[in-house]
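Protein chains in written order, with the numbering used here: chain A, 1 to 112; chain B, 113 to 229.
Honestly, the hints are just simulated from the structure, not real lab data.
Warning: the hint list may mix true and false statements.
[What the hints assert, rightly or not] Sample of chain B residues facing chain A (criterion: CB under 7 Å; computed from the structure):
1. Leu155
2. Tyr160
3. Asn165
4. Ile167
5. Asp168
6. Phe177
7. Phe203
8. Pro208
9. Pro210
10. Leu211
11. Ala215
12. Phe220
[As the list claims (entries may be wrong)] Simulated pairs of lysine-lysine, DSS-like, Cα-Cα distance not exceeding 30 Å:
13. Lys156/B / Lys71/A
14. Lys54/A / Lys68/A
15. Lys139/B / Lys71/A
16. Lys54/A / Lys5/A
17. Lys183/B / Lys5/A
18. Lys68/A / Lys56/A
19. Lys56/A / Lys71/A
20. Lys37/A / Lys54/A
21. Lys139/B / Lys37/A
22. Lys163/B / Lys37/A
23. Lys156/B / Lys56/A
24. Lys174/B / Lys156/B
25. Lys139/B / Lys163/B
26. Lys54/A / Lys71/A
27. Lys156/B / Lys5/A
28. Lys37/A / Lys5/A
29. Lys68/A / Lys174/B
30. Lys156/B / Lys54/A
[To be verified] Ranges of calculated distance between the beta carbons of each label pair, as one might list FRET restraints:
31. His72/A / Gly214/B: 24 to 30 Å
32. Glu152/B / Ala70/A: 26 to 32 Å
33. Met117/B / Ile20/A: 44 to 50 Å
34. Pro120/B / His72/A: 38 to 44 Å
35. Glu152/B / Asp31/A: 42 to 48 Å
36. Lys156/B / Ile18/A: 26 to 32 Å
37. Arg126/B / Glu58/A: 49 to 55 Å
38. Thr45/A / Arg196/B: 38 to 44 Å
39. Met117/B / Val109/A: 27 to 33 Å
For glycine and all other residues, C-beta sits at the position ideal for the given N, C-alpha and C.
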Amino acid sequence: DQQVKQNSPSLSVQEGRISILNCDYTNSMFDYFLWYKKYPAEGPTFLISISSIKDKNEDGRFTVFLNKSAKHLSLHIVPSQPGDSAVYFCAAKTDSWGKLQFGAGTQVVVTP
Amino acid sequence: NAGVMQNPRHLVRRRGQEARLRCSPMKGHSHVYWYRQLPEEGLKFMVYLQKENIIDESGMPKERFSAEFPKEGPSILRIQQVVRGDSAAYFCASSPIPLRQGAIQLFFGSGTQLSVL
Chain A
1 DQQVKQNSPS LSVQEGRISI LNCDYTNSMF DYFLWYKKYP AEGPTFLISI SSIKDKNEDG
61 RFTVFLNKSA KHLSLHIVPS QPGDSAVYFC AAKTDSWGKL QFGAGTQVVV TP
Chain B
113 NAGVMQNPRH LVRRRGQEAR LRCSPMKGHS HVYWYRQLPE EGLKFMVYLQ KENIIDESGM
173 PKERFSAEFP KEGPSILRIQ QVVRGDSAAY FCASSPIPLR QGAIQLFFGS GTQLSVL
C-alpha cells in the first residue's frame with residue numbers, strides 16, 4: 001500500500017529557474033513530511049521537513065509547501081543549480097510509526 | 113562525529129550463497145533502520161531495531177532475511193540463499209531516539225550494493 005506518491009519520475013529544469021517537485025499522500029495521520037536528496041552511489045541526505053501543523057517551511061533556496069486538504073506537498077528550489085541534480089525523495093511519518101515511508105523519487109536534472 | 117557506516121560498499125554473491133551486510137550507527141544512536149532500494153524504485157522499509165531488540169520487521173520478507181543489532185557491534189542484515197531478485201541497494205539509517213518519540217529525521221549510510229550473479 002503506497003501511501004506516499006511521487007508521480008513524476010523525472011524533471012528537467014534550466015539553471016537559475018525554479019524546480020517544483022510534487023508529492024501526494026493518502027494517510028491523514030502523517031504528522032511530519034520530509035524531503036531527502038540522493039546522489040548516485042550515496043545514501044539519502046535530509047534536506048528539509050515540515051510539520052503537519054504548518055503550511056510552509058523555508059530554508060535558503062528550498063521551500064516546502066503543505067496543503068493538508070489536498071493531501072499534497074511540494075518542494076520548490078529557487079534558483080536551481082547544477083549541484084541540485086539528484087533524486088529527491090518525499091517521506092512521511094506518523095507519531096505512532098517507528099519508520100519513515102518514502103515515495104518513489106523524482107530525478108531532477110539541472111541543465112546549463 | 114562519524115556518520116552511519118555501512119560495509120561492504122559492494123557485495124557480489126552467487127545464487128544460493130549468504131550475504132551479510134553491516135551497519136554501525138552514528139555515535140550515540142541506538143535505533144537502526146534498514147531500507148532496500150530495488151532498481152528504478154524508491155526506498156522500502158525493511159526492519160527497525162533497537163539494541164538487542166527487533167521493534168518492527170513488517171517490511172522483511174518472511175523467508176531468508178533476518179536482522180540483528182547486538183549489544184556490542186554493528187547491526188547485521190543477513191540474507192540466506194540469495195536469489196537474483198535480492199540484487200538491490202541496502203541502506204541503513206539511525207536515529208538517537210525513536211521517530212515515534214520525537215526524532216524528525218533518519219541519518220543514512222552510503223549503502224551496500226548487493227549483486228547476485
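Okay, the hints, checked on the actual structure:
1. Checking Leu155/B against chain A by beta carbon gives a least distance of about 4 Å; that is within 7 Å, so the hint holds.
2. The restraint placing Tyr160/B at the interface with chain A holds, with a minimum CB-CB distance near 5 Å, inside the 7 Å limit.
3. A cut of 7 Å between beta carbons decides the hint on Asn165/B: the least distance to chain A is about 11 Å, and the hint is violated.
4. About 6 Å separates the beta-carbon of Ile167/B from the nearest beta-carbon of chain A, less than 7 Å, and the hint is met.
5. Hint status for Asp168/B relative to chain A: holds, with the closest Cβ pair at about 5 Å, below 7 Å.
6. Here the hint on Phe177/B is broken, as its CB sits about 16 Å from the closest CB of chain A, past 7 Å.
7. The closest approach between the C-beta of Phe203/B and any C-beta of chain A is roughly 6 Å, which is under the 7 Å cut-off, so the hint is satisfied.
8. Using the Cβ-Cβ criterion of 7 Å, the hint placing Pro208/B at the interface with chain A is not satisfied: the shortest such distance is roughly 14 Å.
9. Given the 7 Å rule on beta carbons, the hint for Pro210/B holds: about 6 Å separates it from the nearest Cβ of chain A.
10. Taken as an interface hint, Leu211/B checks out: its beta carbon lies about 5 Å from the nearest beta carbon of chain A, inside 7 Å.
11. Violation of the interface hint for Ala215/B is found here, the shortest Cβ-Cβ separation to chain A being roughly 9 Å, above the 7 Å cut-off.
12. Contact between Phe220/B and chain A, as hinted, is supported at the beta carbon level, the nearest pair being about 4 Å apart and thus within 7 Å.
13. A distance of roughly 21 Å separates the Cα atoms of Lys156/B and Lys71/A; the hinted pair therefore holds under the 30 Å criterion.
14. As the CA atoms of Lys54/A and Lys68/A are separated by approximately 9 Å, the hinted pair is consistent with the 30 Å bound.
15. Our distance criterion of 30 Å between C-alpha atoms is broken by Lys139/B and Lys71/A, whose separation comes to about 36 Å.
16. Annotation: proposed proximity of Lys54/A to Lys5/A holds, straight-line Cα distance about 20 Å (limit 30 Å).
17. For the proposed pair Lys183/B and Lys5/A, the alpha carbon gap of about 37 Å is over 30 Å, so the pair is violated.
18. At roughly 11 Å between alpha-carbon atoms, Lys68/A and Lys56/A fall within 30 Å of each other, so this suggested pair holds.
19. Between Lys56/A and Lys71/A the CA atoms are separated by roughly 14 Å; this keeps the pair inside 30 Å, and the hint holds.
20. The straight-line distance between the Cα atoms of Lys37/A and Lys54/A is roughly 22 Å, inside the 30 Å bound, and the hint therefore holds.
21. With a CA separation close to 23 Å, the supplied pair Lys139/B and Lys37/A stays within the 30 Å bound.
22. Among the hinted pairs, Lys163/B with Lys37/A is consistent with the structure: their alpha-carbon atoms are about 28 Å apart, no more than 30 Å.
23. Distance hint between Lys156/B and Lys56/A is fulfilled; the C-alpha atoms sit about 27 Å from each other, no more than 30 Å.
24. For the hint linking Lys174/B to Lys156/B, the alpha-carbon distance of about 15 Å falls within 30 Å, and the restraint holds.
25. Distance restraint check for Lys139/B and Lys163/B: the Cα-Cα separation of roughly 13 Å lies within the 30 Å cut-off, and the hinted pair is therefore satisfied.
26. This hinted pair checks out: Lys54/A and Lys71/A have alpha carbons roughly 13 Å apart, not beyond 30 Å.
27. Restraint check: the Cα-Cα separation between Lys156/B and Lys5/A comes to about 13 Å, which is no more than 30 Å; the hinted pair holds.
28. For a cut-off of 30 Å, the pair hint linking Lys37/A to Lys5/A stands: about 16 Å separates their Cα positions.
29. For the given pair, Lys68/A sits about 35 Å from Lys174/B by alpha-carbon distance, which is inconsistent with the 30 Å threshold.
30. As the CA atoms of Lys156/B and Lys54/A are separated by approximately 27 Å, the hinted pair is consistent with the 30 Å bound.
31. The beta-carbon spacing between His72/A and Gly214/B, approximately 25 Å, falls within the hinted interval of 24 to 30 Å.
32. Separated by about 27 Å at the C-beta atoms, Glu152/B and Ala70/A satisfy the suggested range of 26 to 32 Å.
33. Look at Met117/B against Ile20/A: about 35 Å separates their beta carbons, and that is not inside 44 to 50 Å.
34. Distance hint for Pro120/B and His72/A: a CB-CB separation of about 40 Å, consistent with the stated range 38 to 44 Å.
35. For Glu152/B and Asp31/A, the Cβ-Cβ distance of about 30 Å falls outside the hinted range of 42 to 48 Å, so the restraint is violated.
36. The hint said 26 to 32 Å for the Cβ distance between Lys156/B and Ile18/A, and at roughly 30 Å that hint holds.
37. Hint check: Arg126/B to Glu58/A, Cβ distance near 50 Å, so the stated range 49 to 55 Å holds.
38. Judged by the Cβ atoms, the range 38 to 44 Å given for Thr45/A and Arg196/B is violated: they are separated by roughly 30 Å.
39. Evaluation of the 27 to 33 Å hint for Met117/B and Val109/A yields a pass: the beta carbon distance comes to about 30 Å.
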